[in-house]
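Protein chains in written order, with this note's numbering: chain A, 7 to 142; chain B, 4 to 110.
If you're looking for bench data, these hints aren't it; they were derived computationally from the structure.
Treat each hint with caution, since some may be false.
Below are the DSS-like pairs computed for lysine-lysine, each with C-alpha atoms no more than 27 Å apart in a straight line [unchecked claim]: (1) Lys125(A) - Lys52(B); (2) Lys52(B) - Lys25(B); (3) Lys82(B) - Lys7(B); (4) Lys63(A) - Lys43(B).
Taking beta-carbon pairs under 7 Å as the criterion, some of the chain B residues facing chain A (in silico) [claimed, not checked]: (5) Val12; (6) Glu15; (7) Lys17; (8) Phe36; (9) Arg64; (10) Asp66; (11) Leu67; (12) Ala70; (13) Ile71; (14) Ser72; (15) Tyr76; (16) Phe77; (17) Glu78; (18) Phe79; (19) Leu81; (20) Thr101.
We put the beta carbon where it would ideally sit given N, CA and C, even for glycine.
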Amino acid sequence: MNALTRRGALLLGAGLSLTLVDLDEGAATPAEAEAEIAKFTGGKAAESGKIVPLDIKVESPMTAADYVSDIRVVGDANPNPGIVTFHLTPMAGRAEVATRIRLGGTGTLTVLAKTSTGKFYAERKMVKVTVGGCGG
Amino acid sequence: MADKPRLRVPSEAKKGEIIQIKTLMSHPMETGFRKDEAGKPIPREIINKFVCTFNSREVFRADLEPAISANPYFEFTLKVEESGTFAFAWVDDNGTVTTAEQSIAVS
Chain A
7 MNALTRRGAL LLGAGLSLTL VDLDEGAATP AEAEAEIAKF TGGKAAESGK
57 IVPLDIKVES PMTAADYVSD IRVVGDANPN PGIVTFHLTP MAGRAEVATR
107 IRLGGTGTLT VLAKTSTGKF YAERKMVKVT VGGCGG
Chain B
4 MADKPRLRVP SEAKKGEIIQ IKTLMSHPME TGFRKDEAGK PIPREIINKF
54 VCTFNSREVF RADLEPAISA NPYFEFTLKV EESGTFAFAW VDDNGTVTTA
104 EQSIAVS
């Protein structure tokens, strides 16, 4: 897990309007994003990019005062880097979501989680894809 | 074209229990990046939003982009404190909204 680089932050900005607004307000900067809290498993070597299972777990008490409110997934190998954004409520109980995504090729997958207290957590991982799932 | 969405929601739970919900919607999730045999781009048509409400209150929402696989699948958890009804809605680019409901008895 690396700290978010400037390029990474720009990349995230490609589709991260909701979170970026808060960044602009000075609630947090990407550099403050803490590692190791947000975890995801996305199949380190996906055979086909058409269906890549993605499991996201973020450590959070998920109380009304402190919960994970948004989770954004970004992949830099896709023609359109934004993949999905989840909006959670304290009623989730646990900050755990799973879905299946497409990846256009081998690249970095980033999961960024935002809490109701304004903190950001990020996890980045290289995902190898043998056959891309976005083109035709 | 939209088949009935598949849901896996427990029908009963204990108060305060965290339940798991799984949903699967049949949809091609056409990305808009593909081309047909004549080389013409195939227009994008995806489910762009998924919303789950419990007793009319939004509890989970996802904004989808073309990078979600065909037949969008979601798995998430919810802590239930009272009996009620989950309503699920999938919003298509063309404006179609597919809905499904499932009630749960909480004791």
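Chain A contact restraint for Thr101(B) - C-beta distance below 7 Å: 17 Å, violated
Taking the least C-beta to C-beta distance, is Glu78(B) closer than 7 Å to chain A? Glu78(B) check passes; min Cβ-Cβ to chain A is 4 Å, inside 7 Å.
Taking 7 Å as the limit, does the beta-carbon of Val12(B) come near enough to a beta-carbon in chain A? Violated: closest Cβ of chain A sits about 14 Å from Val12(B), beyond 7 Å.
Under 7 Å, Cβ to Cβ, is where Leu67(B) needs to be relative to chain A, so tell me if that hint holds or is violated. 6 Å, holds
Hint check, Leu81(B) versus chain A [nearest Cβ-Cβ separation less than 7 Å]: Holds: closest Cβ of chain A sits about 6 Å from Leu81(B), inside 7 Å.
Taking the closest Cβ pair, is Phe77(B) under 7 Å from chain A? Hint on Phe77(B): holds, closest Cβ of chain A at ~5 Å, below 7 Å.
Restraint: Ala70(B) near chain A, CB-CB cut 7 Å. Satisfied or not? 4 Å, holds
With a cut-off of 7 Å on the beta carbons, see whether Tyr76(B) makes it to chain A. The hint holds - Tyr76(B) has a Cβ within 7 Å of chain A, the shortest such distance being about 5 Å.
Hint check: is the beta carbon of Ser72(B) less than 7 Å from a beta carbon of chain A? 4 Å, holds
Asp66(B) as an interface hint toward chain A, with CB separation required under 7 Å: This hint holds: Asp66(B) lies near chain A, its Cβ roughly 4 Å from the closest one there, short of 7 Å.
Given Lys17(B) as an interface hint, is the shortest Cβ-Cβ distance to chain A below 7 Å? 13 Å, violated
Chain A contact restraint on Phe79(B) - CB to CB distance below 7 Å: Hint on Phe79(B): holds, closest Cβ of chain A at ~5 Å, below 7 Å.
Hints 4, 5, 6, 7, 20 from the earlier list are contradicted by this structure; the remaining hints agree with it.
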